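Asker: Kindly produce the complete structure, drawing on both the sequences and the hints.
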Amino acid sequence: MPIWNERIHEKRTEKGITLAQIADRLGVTEATAQRYERGNIKSIPYEHMCAYGEILNCSPAYLMGWEDNSTVMLNNAYPIELKRFPLVGKIACGKPKYANEDRESYVMAGTDIKADFCLKASGDSMVGARILDGDIVFIRKQDTVENGEIAAVVVNNESEATLKRLFYYQEKGLLILKAENPAFEDLIFQNEELNEVHILGKAVAFQSDVK
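Going by our numbering, the first residue of the sequence shown is number 2, and it counts up by one from there.
Just so you know, these hints were derived from the structure itself, not from any lab.
All values reported here derive from a predicted model rather than from experimental measurement.
Just so you know, nobody snuck in bad clues.
Below 30 Å or equal to it, Euclidean Cα-Cα: the simulated DSSO-like pairs (lysine-lysine) are:
{"#": "1", "residue 1": "K203", "residue 2": "K173"}
{"#": "2", "residue 1": "K43", "residue 2": "K12"}
{"#": "3", "residue 1": "K84", "residue 2": "K203"}
{"#": "4", "residue 1": "K43", "residue 2": "K91"}
{"#": "5", "residue 1": "K16", "residue 2": "K84"}
{"#": "6", "residue 1": "K91", "residue 2": "K115"}
{"#": "7", "residue 1": "K142", "residue 2": "K173"}
{"#": "8", "residue 1": "K91", "residue 2": "K142"}
{"#": "9", "residue 1": "K121", "residue 2": "K203"}
{"#": "10", "residue 1": "K43", "residue 2": "K121"}
{"#": "11", "residue 1": "K115", "residue 2": "K142"}
{"#": "12", "residue 1": "K84", "residue 2": "K43"}
{"#": "13", "residue 1": "K142", "residue 2": "K84"}
{"#": "14", "residue 1": "K121", "residue 2": "K91"}
{"#": "15", "residue 1": "K121", "residue 2": "K84"}
{"#": "16", "residue 1": "K115", "residue 2": "K84"}
{"#": "17", "residue 1": "K203", "residue 2": "K115"}
Simulated restraints, written as ranges between beta carbons of each label pair:
{"#": "18", "residue 1": "Q191", "residue 2": "K16", "range": "53 to 63 Å"}
{"#": "19", "residue 1": "E197", "residue 2": "T14", "range": "46 to 56 Å"}
{"#": "20", "residue 1": "I4", "residue 2": "G111", "range": "19 to 29 Å"}
{"#": "21", "residue 1": "M65", "residue 2": "Y170", "range": "43 to 53 Å"}
Ideal placement from N, C-alpha and C gives every residue a C-beta, glycine not left out.
Answerer: Shown next, in the form of structure tokens:
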């Protein structure tokens with residue numbers, strides 16, 4: 002059984018913080034927060050551990066059992082301010098597929114990320130941009146992006162979504178969605194086919210778990 006569940010429970014009860022308050026800060030259900038404390042979940046996302054450290058006023062390293070002093074402070078350390086981003090589904094990093102919206106889920110990330118929502122990457126077409134399967138990609142809503150920027154794009158009359166590097170040539174009536182993996186072909190839309198394409202927004206950041 003991991004040690005972090007015991008230390009989280011100890012610190013939470015010591016500070017009089019409820020499971021409901023923890024769940025709200027993490028953006029998870031109260032049942033999930035309870036499973037964390039009971040050790041029923043073998044691993045915990047990095048952003049959740051950072052949030053626990055902020056909420057419980059101790060270092061994530063202490064909670065993980067890597068150090069014994071819960072009040073260790075570093076001269077060059079500063080707290081990370083977190084906020085919740087709605088996780089609205091998965092987006093294909095490969096062949097486009099339907100993006101299911103799940104507005105009950107949230108991801109905790111730094112307040113310096115200027116995004117409106119996030120999506121979970123699925124597939125390996127964007128590995129050249131260091132976006133891997135399972136990564137969280139933060140999207141800022143906007144109808145257009147500059148050529149060469151990575152965008153979340155809905156295609157085929159808003160039934161499929163994909164994350165690609167976008168190139169638009171207005172004089173040719175041509176739009177190309179390029180993968181960051183040579184194993185994947187370009188997605189090309191021209192003339193009337195452009196009506197099938199809708200830009201959800203620009204990818205501004207991504208978040209990966211340490212593996």
